[in-house]
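Colleague: Each chain, written out:
Number of protein chains: 2
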Amino acid sequence: MKYLALVLFPALLAAQPAAQPTWRSPEVHSDGRVTFRLQAPKAESVTLRGEWMAGNQSLTLTKDGEGLWSVTTAAVAPDLYWYHFMVDGVKTIDPRNHLLKTGARSNDSAVDIPGEAAAFHALRSVPHGTVHVELYPSAATNGLRRLHVYTPPGYDAGRGRYPVLYLLHGSGDTDREWSSYGRANLIADNLIAEGKLKPLIIVMTDGHPADANDPAVRARNTELFTRDLIESVIPFAEKKYRIEARRERRALAGLSMGGGQTLAAGLKNLDKFSALGVFSMGIRDDAFEKEHAAVLDAPATTNARLRLFWIGCGKDDFLWENAVRLHETMEKKGIKHVWRATEGAHTWPVWRKYLHEVLPQLFQ
Amino acid sequence: MKYLALVLFPALLAAQPAAQPTWRSPEVHSDGRVTFRLQAPKAESVTLRGEWMAGNQSLTLTKDGEGLWSVTTAAVAPDLYWYHFMVDGVKTIDPRNHLLKTGARSNDSAVDIPGEAAAFHALRSVPHGTVHVELYPSAATNGLRRLHVYTPPGYDAGRGRYPVLYLLHGSGDTDREWSSYGRANLIADNLIAEGKLKPLIIVMTDGHPADANDPAVRARNTELFTRDLIESVIPFAEKKYRIEARRERRALAGLSMGGGQTLAAGLKNLDKFSALGVFSMGIRDDAFEKEHAAVLDAPATTNARLRLFWIGCGKDDFLWENAVRLHETMEKKGIKHVWRATEGAHTWPVWRKYLHEVLPQLFQ
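Residue numbers (our numbering), protein chains in the order written: chain C, 25 to 388; chain F, 25 to 388.
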């Protein structure tokens, strides 16, 4: 309100008791170091946790004589990261930073560190597609649900149909984060502009149909998600968008919980999908083999149907062992797949890279 | 991450040292009271500021023996409101609440209090339109800018063209907030479902083309905004969407700063707009009359062009006197307009009501 008044009535400036502080947070330096600042004169302890940090690491800020806490990181690899402060134990987003990483249950601040390594998902001067926010009736939940749809540059000008990727988020997110934070739309725009990807449609659905406090309801999430995807999402998307409605042109991929949903919904519906992408997810016990025996014990049939089965995980991911087990199970069963053991942990910089790598392979 | 592990591997639950707390924040009671809670054992003072509060009021939370602060409000009128905590002077969004009111410079938490009075902007079981997020090249900034577009239910199924409202946000917001928080899309969906509004397209643009630290640059914001609107936004929207491209079917409205932009860009371009809506904005000195003399001193011509000139302001708005002056200037000049002096302050509950009232009048 005060800022508004200043913009509207600059003459009021003279009457303002205090000017806006001159410091910024975050301040990204040209060498990739970042300074974070927080005004908190009464706090006893302020720490910073960021997505680029390994494990449960954090940085401790120090306070100056005016109550301004600050810390400068070592150089951070160019990318888009979430972060938050812990102020005497209270999670606090950066009050001076409008940039957010939103989520299904909580929110963080975000910092964008530009650089060549992040150029593949940066906003560049290339033709851009559109992100659409849709509400659709779900048979599985008997209510309205939301999804995001990416259409490529030129979609509106033409009449042609496009292949489609159904792209799933992780447990902490919603249908919004693959575009708002994962930059799926910019990754696709950039690949298309470089001639590395033929235009496609990406449907980003909400993976929490059984979002509830009741654990018994939550336990049915994968089942409800699969029903929702098959019975509601795909028919809705194919009716509203010019999608090639056949399995050879339909892919499914997801990260973490969405990787598990990709396995669960994908392997049970190989009549509908010809490509699967599993990012940072795996299996932990024998239940998976039993559940999908029909597919796993018929490798010739399965391999004929699955044109691409891409599995990737970072070696620092807390699900690494589970991903290895998924890979080894597929080896054992003779199911063809791409196994990508990469650097990285359970973070969005990894998932952006995975999407960038997988997109051009989906409909080759 | 911990939550993710729990969802994926419920067996890990037994190994978790502490269960999730059982309390929630916010907790909306059936009578419209709301309890807000924050775990902050070391804090000395926690207050709450919410959009429903008059002036600079706030509520003080009290701490229990476990370090959990809480306060319960009196009954609050049904609506969607922003709020935040001040924890020893540090602005803090509610860590237990994913719902946000985002902004151009900072973010707040949000609480949705359902009820009949808010049903006009609630998510209801009616046909829903689509919100599109677009990037477009701006001649005024020589860069890419973002805008949001609402298309009504049935848009994709048909071939017809629609009238268009260009809808502008306030100084604290971006092109995103009219749909993410103002619920312009749901307000239109509900009106259309009730037969009170003929389908239209709403283009929500970004009003900060001169967003910069340099005050000299910021001073050019209105000029750059007007150029951007006329030279880039309207041509982009009319090329990409099935819009009736003539002044009788083109309206412009905005709140606060966007109301000022509506006056500045609208009155200078009456060959392009036939309806204007000014929400919670006014004029403060003689400069306005001089600036728009050509229009104000030719009431017959102006009145023939302006089918609707709607001005509304809440009596508790800090811009109330300016809005009255705008109304009185138009009276003095003989410019026909609708003057709506309403209850309320400079808040989104007022602006949602204004949009709901104005939409059906735009293209009658």
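Any given hint might turn out to be false.
The list that follows gives simulated cross-link-like pairs (lysine-lysine, DSS-like), each with its CA atoms no further than 25 Å apart [what the hints assert, rightly or not]:
(1) Lys87/F to Lys115/C
(2) Lys87/C to Lys66/F
(3) Lys66/F to Lys66/C
(4) Lys115/C to Lys222/F
(5) Lys222/F to Lys263/C
(6) Lys87/C to Lys222/F
(7) Lys222/F to Lys263/F
(8) Lys263/F to Lys263/C
(9) Lys264/C to Lys66/F
(10) Lys296/C to Lys360/C
(11) Lys222/C to Lys264/F
(12) Lys115/F to Lys115/C
Treat the hints as calculated values from the structure; they're not laboratory data.
Colleague: Look at each hint and say if it fits the structure.
Modeller: Here's how the hints hold up against the structure:
For a cut-off of 25 Å, the pair hint linking lysine 87/F to lysine 115/C stands: about 17 Å separates their Cα positions. This hinted pair checks out: lysine 87/C and lysine 66/F have alpha carbons roughly 17 Å apart, not beyond 25 Å. With a C-alpha separation of about 10 Å, the suggested pairing of lysine 66/F with lysine 66/C holds against the 25 Å cut-off. Distance hint between lysine 115/C and lysine 222/F is unfulfilled; the C-alpha atoms sit about 46 Å from each other, more than 25 Å.
Our distance criterion of 25 Å between C-alpha atoms is met by lysine 222/F and lysine 263/C, whose separation comes to about 23 Å. Taken as a hint, the lysine 87/C and lysine 222/F pair is broken in the structure, with Cα atoms around 58 Å apart against an allowance of 25 Å. This hinted pair checks out: lysine 222/F and lysine 263/F have alpha carbons roughly 22 Å apart, not beyond 25 Å. Distance check on the hinted pair: lysine 263/F and lysine 263/C sit about 23 Å apart at the alpha-carbon level, within 25 Å; holds.
At roughly 53 Å between alpha-carbon atoms, lysine 264/C and lysine 66/F are farther apart than 25 Å, so this suggested pair is violated. Under the criterion of a C-alpha separation no larger than 25 Å, the hint pairing lysine 296/C with lysine 360/C is consistent with the structure, at around 18 Å. Distance check on the hinted pair: lysine 222/C and lysine 264/F sit about 21 Å apart at the alpha-carbon level, within 25 Å; holds. Annotation: proposed proximity of lysine 115/F to lysine 115/C holds, straight-line Cα distance about 11 Å (limit 25 Å).
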